[in-house]
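Colleague: Modelling step: build the complete structure from the supplied sequences, incorporating the hints.
These protein sequence lines are chains A and B, in that order.
Here the first sequence is numbered in the numbering used here, starting from 1 and rising by one per residue.
Here the second sequence is numbered in the numbering used here, starting from 1 and rising by one per residue.
Please note that the accuracy of each hint is not assured.
[Stated by the list, open to error] As a list, the in silico DSBU-like pairs of lysine-lysine whose alpha-carbon atoms are at most 30 Å apart:
#1 A:K354 <-> B:K97
#2 A:K352 <-> B:K97
#3 B:K243 <-> B:K6
#4 A:K26 <-> B:K115
No lab work stands behind these hints, which were simulated from the structure alone.
The structure displayed is predicted, hence computed values, not measured ones.
If you want the building blocks of each chain, they are given just below.
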Amino acid sequence: MYFRETGQFKSKYKEELAAFPIFEDKIGIAIAALLAFVLIPIFGLPGLSWDFTMSAVMIPVVIFTITTLGLNILLGFAGQISLGTAAFMGVGAYSCYKIMTIFPDLNALICVVLSGIVTAFVGTIFGLPSLRIKGFYLMVATLAAQFFLEWAFIRIPWLYNYNISGAIEVPYKEMFGIVLTGAKSEPLTRYFVCLGFLVVLTWLASNVIRGRIGRSWMMIRDMDIAAELIGVRPLTAKLSAFAFSSFYIGISGALMVFFWLGAAEVESFDINHSFTYLFMVIIGGLGSITGCYFGAILVWVVPVILKEYGKSVFGIDAFVMENFTTILLGVVMVVILIVEPHGLARIWQIAKQKLRLWPFPY
Amino acid sequence: MVNEQKKVMMEVKNINLRFGGVIAIQDVSFDIQEGEIRAIIGPNGAGKSSMLNVINGFYHPQEGEIWFRGEKRPSMEPYEVAKTGIARTFQNIALFKGMTTIENVMTGRQLQMNKNFFWQLFRYGPAIEEEVEHRKRCEEIIDFLEINHIRKSPVGSLPYGLQKRVELARALAMEPELLLLDEPMAGMNVEEKQDMSRFIIDVNEEFGTTIALIEHDMAVVMDLADRVVVLDYGKMLADGTPKEVQSNQAVIDAYLGVAH
Ligand SMILES: Nc1ncnc2c1ncn2[C@@H]1O[C@H](COP(=O)(O)OP(=O)(O)OP(=O)(O)O)[C@@H](O)[C@H]1O
Ligand SMILES: [Mg+2]
Numbered sequence: 001m002y003f004r005e006t007g008q009f010k011s012k013y014k015e016e017l018a019a020f021p022i023f024e025d026k027i028g029i030a031i032a033a034l035l036a037f038v039l040i041p042i043f044g045l046p047g048l049s050w051d052f053t054m055s056a057v058m059i060p061v062v063i064f065t066i067t068t069l070g071l072n073i074l075l076g077f078a079g080q081i082s083l084g085t086a087a088f089m090g091v092g093a094y095s096c097y098k099i100m101t102i103f104p105d106l107n108a109l110i111c112v113v114l115s116g117i118v119t120a121f122v123g124t125i126f127g128l129p130s131l132r133i134k135g136f137y138l139m140v141a142t143l144a145a146q147f148f149l150e151w152a153f154i155r156i157p158w159l160y161n162y163n164i165s166g167a168i169e170v171p172y173k174e175m176f177g178i179v180l181t182g183a184k185s186e187p188l189t190r191y192f193v194c195l196g197f198l199v200v201l202t203w204l205a206s207n208v209i210r211g212r213i214g215r216s217w218m219m220i221r222d223m224d225i226a227a228e229l230i231g232v233r234p235l236t237a238k239l240s241a242f243a244f245s246s247f248y249i250g251i252s253g254a255l256m257v258f259f260w261l262g263a264a265e266v267e268s269f270d271i272n273h274s275f276t277y278l279f280m281v282i283i284g285g286l287g288s289i290t291g292c293y294f295g296a297i298l299v300w301v302v303p304v305i306l307k308e309y310g311k312s313v314f315g316i317d318a319f320v321m322e323n324f325t326t327i328l329l330g331v332v333m334v335v336i337l338i339v340e341p342h343g344l345a346r347i348w349q350i351a352k353q354k355l356r357l358w359p360f361p362y
Numbered sequence: 001m002v003n004e005q006k007k008v009m010m011e012v013k014n015i016n017l018r019f020g021g022v023i024a025i026q027d028v029s030f031d032i033q034e035g036e037i038r039a040i041i042g043p044n045g046a047g048k049s050s051m052l053n054v055i056n057g058f059y060h061p062q063e064g065e066i067w068f069r070g071e072k073r074p075s076m077e078p079y080e081v082a083k084t085g086i087a088r089t090f091q092n093i094a095l096f097k098g099m100t101t102i103e104n105v106m107t108g109r110q111l112q113m114n115k116n117f118f119w120q121l122f123r124y125g126p127a128i129e130e131e132v133e134h135r136k137r138c139e140e141i142i143d144f145l146e147i148n149h150i151r152k153s154p155v156g157s158l159p160y161g162l163q164k165r166v167e168l169a170r171a172l173a174m175e176p177e178l179l180l181l182d183e184p185m186a187g188m189n190v191e192e193k194q195d196m197s198r199f200i201i202d203v204n205e206e207f208g209t210t211i212a213l214i215e216h217d218m219a220v221v222m223d224l225a226d227r228v229v230v231l232d233y234g235k236m237l238a239d240g241t242p243k244e245v246q247s248n249q250a251v252i253d254a255y256l257g258v259a260h
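Modeller: Structure (structure tokens):
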């Protein structure tokens, strides 16, 4: 029997309110942490070069998990839909660039956090329509935000410091003598910076979700009339969800440009990317923090690895492989959503429950 | 049963509520006394739920005044009304479907909890103390309503009767002074109705909560209510003790008129 909840009695509510009340969950977390912090950074992934593992698999998936967390807070926990995710990442990236330009001596990590705060403000403003409209109409309003911001990223040259290329160019930054950003930075450094952000942000999100504010979001999501009646002010609940969510998305956008891509143009923030992040959330599981990890891994890591294996192991042409993985991913998503509309997180939960009772499934 | 010395807690005066051409409530006035169980009855579409919605701040009547605790209440939004100590259950269950029973009950404590965002962010110190303290209170309410066995069940999968009970638990968690119940026993079998009646009486007697409830089952109303107000087509037909109301000719006509 692996996941046994019975027998682990909680003598205090405080224990039950802990993040991982079940012992076996703690083991799972420990294994994941060992992989992410030690094994993969040392050995890479089997069959892939170490450089490729870091720069094409691990750094981006960590960043996209942060994005997915942000979007899931809004969509999965507060029930407010947004198609502007990529554009808000853009807000994070461009504001990080401006902050670094205006305060050249400021620590890069602080710049990232500040750009998250700027994005939170912008997200709150674009969240205002949610006070009047819901569902499909809100989706259209956020679509407008997406296009407006894309337009702004091109038409306001101040945002990219009037560079001829129209792109963000990542400056050289260091901390304690370690190069953090720019062409000279080590992938390993950038990976650990992103991973650090992910760990802290996951912890904070799970705290907020389980407390008063998180509950107010879920109340608005599930039954806004009853929520209001219990004293939740829709304005506060919805806008705080937009702000908190945008904070995450902004940070992920800044990390994406400054700790992964190294340069960025407006294409990195277009509507297609917004849809990708939406897929990650839905496949992973709406309203589940673990689901964010699953979603980002399935949608990002699996295709990249398949493409690489196809090339190196089977010698299949990259272009063919690209199409193949796109089709495969599409099929997998449809199957998952038919089998379990609540995504991978729910499948995982059911599997755990089965294991808990194993080998006596009754 | 009616105690003349009792203080008036809430008074609605000359309420008129229209939806376009539809007149939902027409010149209705009545009061709710402190500590009583007040029933609102009437045929379908009489305007009973609309009346609760007016009290709750969901509907804003075109005319009329609401007096609460001796003061005229300004026009309020539902979340503001909640702060004045008024809780409510719905005719069509309005639970938070994505949450478990205990989580639903915890939502009732929302207004009593006030630790700010930064404590929440770290779920540390005051924030976690507050969480534990309110969790205890909620567990007590769950014990009281005998829904211990479903504490961790997602509410969406519960049978109808239990969902109604969880909704009552959530309202009780608000520790209201005035509790509005919109058909708390609709669709229940006799046994479930008896349980629910018992809980309503217990809440009224043990916590001293004033209760206004809408109910179709006359037997239940006769048992529970101290006073009854009767609505029909938005107008008030009668107001008095269950006995008085039952023998009122206008009331009998109204009920016979809709083939009850
Ligand atoms: N939001 C609304 N918009 C338009 N008309 C409404 C609205 N709410 C209520 N009404 C109308 O007001 C009248 C009274 O409705 P209400 O729901 O208060 O009746 P009720 O006494 O609760 O009936 P029931 O016993 O069926 O619950 C009905 O004619 C209804 O159609
Ligand atoms: Mg009704």
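Colleague: For which of the previously enumerated hints does the structure constitute a violation, in increasing order of number?
Modeller: Violated: none.
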